[in-house]
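Peer 1: Protein sequence lines, in the order shown, are assigned to chains B and A.
When we follow the working numbering, the leftmost residue of the first sequence carries the number 1, and every step to the right adds one.
When we follow the working numbering, the leftmost residue of the second sequence carries the number 1, and every step to the right adds one.
Rather than coming from a laboratory, the hints here were simulated on the basis of the structure.
Just so it is clear, the structure is predicted and the values come from calculations on it, not from any experiment.
Treat the hints with care, as some may be off.
Here are the computed lysine-lysine pairs in the DSS-like style, where the Cα-Cα straight-line distance is at most 27 Å [as the list claims (entries may be wrong)]:
| no. | chain 1 | residue 1 | chain 2 | residue 2 |
| --- | --- | --- | --- | --- |
| 1 | B | Lys186 | A | Lys5 |
| 2 | B | Lys5 | B | Lys138 |
| 3 | B | Lys138 | A | Lys138 |
| 4 | B | Lys99 | B | Lys138 |
Covered by chain A, per the in silico footprint, the following chain B stretches (three or more residues, Cβ under 8 Å) [to be verified]:
| no. | segment |
| --- | --- |
| 5 | 110-117 |
| 6 | 151-162 |
For every residue, glycine included, the Cβ atom is placed at its ideal position computed from N, Cα and C.
Number of protein chains: 2
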Amino acid sequence: MSGLKDFLSAIPIGESRSPRRGEHRVRALVFDTYGTVCDFYGPMTRQFERFARERGEECDAHVMTVAWRTAYAMSCFQQAATESEFSPLRQIQRANLEKVMNEHYPAPVSPEELNQLTTVWDRLDPWPDTVEGLHRLKGQAIIAPVSNGNYIDMVNLARYAGLPWDIILGSSVAGMYKPHPDAYLKSIAALNLPPEEVCMVAAHQAELPYAAGHGMQTAFIMRPDEFGGITKPRDPEPGKPYLDAAEIYPEGDWTYITDSFIDLAEQIRQS
Amino acid sequence: MSGLKDFLSAIPIGESRSPRRGEHRVRALVFDTYGTVCDFYGPMTRQFERFARERGEECDAHVMTVAWRTAYAMSCFQQAATESEFSPLRQIQRANLEKVMNEHYPAPVSPEELNQLTTVWDRLDPWPDTVEGLHRLKGQAIIAPVSNGNYIDMVNLARYAGLPWDIILGSSVAGMYKPHPDAYLKSIAALNLPPEEVCMVAAHQAELPYAAGHGMQTAFIMRPDEFGGITKPRDPEPGKPYLDAAEIYPEGDWTYITDSFIDLAEQIRQS
Numbered sequence: 001m002s003g004l005k006d007f008l009s010a011i012p013i014g015e016s017r018s019p020r021r022g023e024h025r026v027r028a029l030v031f032d033t034y035g036t037v038c039d040f041y042g043p044m045t046r047q048f049e050r051f052a053r054e055r056g057e058e059c060d061a062h063v064m065t066v067a068w069r070t071a072y073a074m075s076c077f078q079q080a081a082t083e084s085e086f087s088p089l090r091q092i093q094r095a096n097l098e099k100v101m102n103e104h105y106p107a108p109v110s111p112e113e114l115n116q117l118t119t120v121w122d123r124l125d126p127w128p129d130t131v132e133g134l135h136r137l138k139g140q141a142i143i144a145p146v147s148n149g150n151y152i153d154m155v156n157l158a159r160y161a162g163l164p165w166d167i168i169l170g171s172s173v174a175g176m177y178k179p180h181p182d183a184y185l186k187s188i189a190a191l192n193l194p195p196e197e198v199c200m201v202a203a204h205q206a207e208l209p210y211a212a213g214h215g216m217q218t219a220f221i222m223r224p225d226e227f228g229g230i231t232k233p234r235d236p237e238p239g240k241p242y243l244d245a246a247e248i249y250p251e252g253d254w255t256y257i258t259d260s261f262i263d264l265a266e267q268i269r270q271s
Numbered sequence: 001m002s003g004l005k006d007f008l009s010a011i012p013i014g015e016s017r018s019p020r021r022g023e024h025r026v027r028a029l030v031f032d033t034y035g036t037v038c039d040f041y042g043p044m045t046r047q048f049e050r051f052a053r054e055r056g057e058e059c060d061a062h063v064m065t066v067a068w069r070t071a072y073a074m075s076c077f078q079q080a081a082t083e084s085e086f087s088p089l090r091q092i093q094r095a096n097l098e099k100v101m102n103e104h105y106p107a108p109v110s111p112e113e114l115n116q117l118t119t120v121w122d123r124l125d126p127w128p129d130t131v132e133g134l135h136r137l138k139g140q141a142i143i144a145p146v147s148n149g150n151y152i153d154m155v156n157l158a159r160y161a162g163l164p165w166d167i168i169l170g171s172s173v174a175g176m177y178k179p180h181p182d183a184y185l186k187s188i189a190a191l192n193l194p195p196e197e198v199c200m201v202a203a204h205q206a207e208l209p210y211a212a213g214h215g216m217q218t219a220f221i222m223r224p225d226e227f228g229g230i231t232k233p234r235d236p237e238p239g240k241p242y243l244d245a246a247e248i249y250p251e252g253d254w255t256y257i258t259d260s261f262i263d264l265a266e267q268i269r270q271s
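Pulled out of the complex, with its shape left as it was, chain B reads as follows (with noise of 0.2 Å):
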């Protein structure tokens, strides 16, 4: 992962520090949306699965998982570093299932059979608390993804996860993916907030400095089912590989910490 610290120490963090809780009202909150709302591992890991078995052939569907939703995080992070031009997040989730299939799959695979299984990101199951929490959620204050899925992507996934959004934010309003900071800032913008009103949500602690640096709230979701719970374990045994992509424990100063929307209502409530 050396080419991601690359990226990301081109990436410009604010200076500010999640705002503490109570001290600003929650006007909007906005959500990181593959892996903090909706699974993406079990999803994918099943469509490979069942490829593979409708073939005949064999594959490791942990191992094309990880690293599809790793090129994605990566191509994404190099776009906004580079500040390159904003191509639609299809195209390069496609690219990149090209390249895993490429390497990891024992067998050719026709572009129809790429373009199908691409869909997958459309079709993405929120987590248990998702559909109720967001629901809470949106009684208390306005509810948007930002997350680097494309308005389309973004309407395609709530339809079928049942997200009831009031707008979709995030990188199309952008033009741009995060952590870029117009990701965030033009975001914010649009909801005619300032930023300390603004909470961001997500599951991937590597996110939230990028929202504190703005002013924004922050709320860290704890799914230690991330990468099909192989990510780093709280207790990780000295000497024993583990996956460090998702940071999925908390260890900075959020507004807001948890292991569901549904609790994160309730202490948005209560603060």
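Go by the hints and put chain A onto chain B.
Peer 2: The following block gives chain A in isolation, referenced to the frame of chain B:
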């Protein structure tokens, strides 16, 4: 309204005609909002009446409402025709209200009162068929406002009126007001659909030639109570003046013509 005609003549209408019913699928419906989805006349007129009553003054609330609504349309057309810098609609509304009050209200009004009166754009009532109709249409296609209201205006209105949009498109997506081509074309592009699979829904017939000109399907919704029911009667009496701004009876070859969103859903289902 000669100024209006001058502005509109500067904005190109495309060459296409509305596709015929059943010629293409309807994958998305995009809606003019002020007047088509929500009634502006009733809430504004009642607000002006209440304002004057509470201050023990008198005003012609009908004239003020029509003047404010007309000034809004003129401002948007002017920005569209001149491609001038995009300015927040809330500021435009506020500035136009100040002029309306100066011209039509018998007493001075404070800046705070002007700010408060301007918020009526967030509290427009849906027409009786709107909410049920939108839910039915959402079962068949993506639904979104393509309004001159900005993102936050549309969020506020949707939350007040219970409008179940999938995504908010229109002026903010385009950085341009209707009927500038960008307002339609960038909204369609956000959905990644061909224009002939997107249907523009409007109660203002003047809007539909632009939508048709870009190849979109068109649905004309008759709203006889637009402008408080004092617009062009179906059989006007010779010599008797009427307000023609809303063009509330069908005169064009639109894909769908109806007087309710519920019936529109049924017509689309059958086509």
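Peer 1: All the hints need checking, so say for each whether the structure fits it.
Peer 2: Structure-based check of all given hints:
1. Distance hint between Lys186 (chain B) and Lys5 (chain A) is unfulfilled; the C-alpha atoms sit about 35 Å from each other, more than 27 Å.
2. In summary, the hint linking Lys5 (chain B) to Lys138 (chain B) is not supported, as the alpha carbons are separated by about 35 Å, beyond the 27 Å threshold.
3. Annotation: proposed proximity of Lys138 (chain B) to Lys138 (chain A) holds, straight-line Cα distance about 20 Å (limit 27 Å).
4. At roughly 39 Å between alpha-carbon atoms, Lys99 (chain B) and Lys138 (chain B) are farther apart than 27 Å, so this suggested pair is violated.
5. Counting residues of the segment 110-117 of chain B whose CB lies closer than 8 Å to any CB of chain A gives 0, which falls below the minimum of 3, so the coverage claim is violated.
6. Using a Cβ-Cβ cut-off of 8 Å, 6 residues of the segment 151-162 of chain B lie near chain A, which meets the minimum of three, so the contact claim holds.
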